[in-house]
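With the sequences and hints as input, model every part of the structure.
Just so you know, numbering that gives the first Met the number 0 puts 310 at position 311 of the sequence shown, and the rest follows in order with no gaps.
Careful, some of the hints might be misleading.
[Claimed, not checked] In silico BS3-like links for lysine-lysine, alpha-carbon gap of 30 Å or less:
| hint | residue 1 | residue 2 |
| --- | --- | --- |
| 1 | K355 | K242 |
| 2 | K199 | K355 |
| 3 | K269 | K255 |
| 4 | K242 | K199 |
| 5 | K242 | K269 |
| 6 | K255 | K242 |
| 7 | K269 | K355 |
[To be verified] DEER-style ranges, computed between Cβ atoms:
| hint | residue 1 | residue 2 | range |
| --- | --- | --- | --- |
| 8 | S380 | N200 | 50 to 58 Å |
| 9 | S270 | R141 | 52 to 60 Å |
| 10 | A226 | N200 | 21 to 29 Å |
| 11 | P19 | S79 | 40 to 48 Å |
| 12 | M143 | H196 | 41 to 49 Å |
| 13 | D130 | L240 | 43 to 51 Å |
Note that these hints are calculated values from the structure, not bench results. Quick reminder that beta carbons are idealized off the backbone N, C-alpha and C, glycines included.
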Amino acid sequence: MALPFRQRIFLVLVALTAVPTALAVVGWALAVRTVGPSAGARVGWEEVAASARDMVDRIDTTRLAPRERAAVRRLLEQVSTEVTLSRRAETYLRYYAGAFAGVVVVLGAVVVFAGVRLAGHLSRQLSRPIDELVGWTRLIRRRMPLPAGPPTHGAPEFEALRQALRELATALDQAREQELEAERLRAFREVARRVAHEIKNPLTAMRIAVDQLRRSSAQAAGPTAVAVDVLSAETDRLDRLAKEFAEFGRLPEGPKSEVDLVDLLVDLSKSAVPPEVAVTVRANGAPRTMLGQYDPLRRAFANLLRNAAEAMGGRGSIDVAVANDGRGLLVTIADHGCGIPEELRPRVFEPYFTTKQDGTGLGLALVRQTIEAHQGTIHVSETPGGGATFSIVLATA
0 MALPFRQRIF LVLVALTAVP TALAVVGWAL AVRTVGPSAG ARVGWEEVAA
50 SARDMVDRID TTRLAPRERA AVRRLLEQVS TEVTLSRRAE TYLRYYAGAF
100 AGVVVVLGAV VVFAGVRLAG HLSRQLSRPI DELVGWTRLI RRRMPLPAGP
150 PTHGAPEFEA LRQALRELAT ALDQAREQEL EAERLRAFRE VARRVAHEIK
200 NPLTAMRIAV DQLRRSSAQA AGPTAVAVDV LSAETDRLDR LAKEFAEFGR
250 LPEGPKSEVD LVDLLVDLSK SAVPPEVAVT VRANGAPRTM LGQYDPLRRA
300 FANLLRNAAE AMGGRGSIDV AVANDGRGLL VTIADHGCGI PEELRPRVFE
350 PYFTTKQDGT GLGLALVRQT IEAHQGTIHV SETPGGGATF SIVLATA
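What follows is the structure in structure tokens.
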């Protein structure tokens with residue numbers, strides 16, 4: 000069974016400390032063994048001294064000349080001195096060896112103890128953050144939120160890894176949400192395409208029948224004329240609904256060209272809103288052109304301007320600004336109507352969501368679809384003083 004990561008690090012660090020200590024002890028033992036034989040010198044000198052004394056005892060010193068007696072005396076003194084020195088050397092060597100052994104053992108114990116403590120500290124500093132990061136990867140795989148508490152202690156590099164994992168988890172969550180949203184939109188577009196197809200066939204026959212009724216009852220009055228007018232109005236409404244479904248069911252396609260966005264907005268300010276609504280377009284020296292598809296962009300901005308006019312009851316002013324904010328071409332459309340409640344703002348771009356009695360819920364969904372098809376973004380906020388402000392960012396040409 001494999002050891003945990005922390006125990007493996009701990010054993011490696013302890014080995015790095017224990018092995019040099021063991022080698023030092025072995026070296027000391029070998030040195031003592033090498034020096035030890037010198038202790039046998041005392042025994043030799045003791046034997047030499049005994050031989051010298053035996054020689055003196057057997058020699059009649061009275062018959063020796065004074066010079067000879069002095070030489071024998073010097074010999075005995077020298078032998079006695081050497082024996083004394085050898086005895087002292089052996090004693091010193093014994094004490095030295097014992098003290099050296101004690102010092103080596105104490106130092107070895109201290110080094111091993113310090114190594115074990117250091118190994119434990121380093122293994123914790125390395126294993127805890129790694130174990131934490133491994134646990135975070137499991138949480139990311141299970142799509143669970145990462146803990147928000149204080150980080151486990153460790154090197155500063157681990158904090159950078161934690162931050163990178165948090166950013167990765169956030170990016171993955173956003174990517175999942177975007178993928179789910181894209182899947183929902185694909186499903187909505189498919190439904191809208193099929194609904195538009197199913198409506199168009201009977202709608203054509205209904206319109207032909209209504210036209211025939213109108214011609215045959217041209218001179219009629221009363222309930223018949225009213226019924227014909229109602230049928231005509233409802234078929235017109237169904238025709239508009241079918242067109243909206245058809246537009247939502249397909250993405251903008253075809254070649255792109257340069258679109259003068261300022262000219263487009265100025266033209267829509269005169270044609271897309273009632274005369275009682277004053278639209279002010281300010282460019283502030285921003286780039287005017289972008290690469291896109293003119294008709295879808297015109298329908299999208301016309302839809303936004305009509306919604307703004309309806310929010311003000313067909314009277315008031317709409318402020319349109321075009322600027323360059325570094326990300327691209329920023330277009331803001333601000334009205335001064337009743338505004339959009341904050342809790343509803345995240346849903347206003349959802350298909351089939353509407354607060355109007357006769358709305359289809361596809362207008363702003365079509366706007367977002369067109370903006371995103373041009374690699375842009377759109378969001379809504381509150382206009383200072385009341386109203387709604389739609390902010391669109393588009394890439395410039």
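Each hint tested on the structure:
1. Among the hinted pairs, K355 with K242 is consistent with the structure: their alpha-carbon atoms are about 19 Å apart, no more than 30 Å.
2. Distance hint between K199 and K355 is fulfilled; the C-alpha atoms sit about 24 Å from each other, no more than 30 Å.
3. For the suggested pair K269 and K255, the alpha carbons sit about 25 Å apart, so the restraint of at most 30 Å is met.
4. A hinted pair counts as satisfied when its Cα atoms are at most 30 Å apart, and K242 with K199 qualifies at roughly 9 Å.
5. Between K242 and K269 the CA atoms are separated by roughly 24 Å; this keeps the pair inside 30 Å, and the hint holds.
6. Note on K255 and K242: the hinted pairing holds, with a Cα-Cα distance of about 23 Å set against a maximum of 30 Å.
7. Straight-line distance between C-alpha atoms of K269 and K355 comes to about 24 Å, which keeps the hinted pair within the 30 Å bound.
8. Checking the proposed 50 to 58 Å range against S380 and N200 shows it is violated: the Cβ atoms sit about 43 Å from each other.
9. The beta-carbon spacing between S270 and R141, approximately 54 Å, falls within the hinted interval of 52 to 60 Å.
10. With their beta carbons about 23 Å apart, A226 and N200 fall inside the hinted range of 21 to 29 Å.
11. As the Cβ distance of P19 to S79 is approximately 47 Å, the hint placing it in 40 to 48 Å holds.
12. Checking the proposed 41 to 49 Å range against M143 and H196 shows it holds: the Cβ atoms sit about 43 Å from each other.
13. For D130 and L240, the Cβ-Cβ distance of about 59 Å falls outside the hinted range of 43 to 51 Å, so the restraint is violated.
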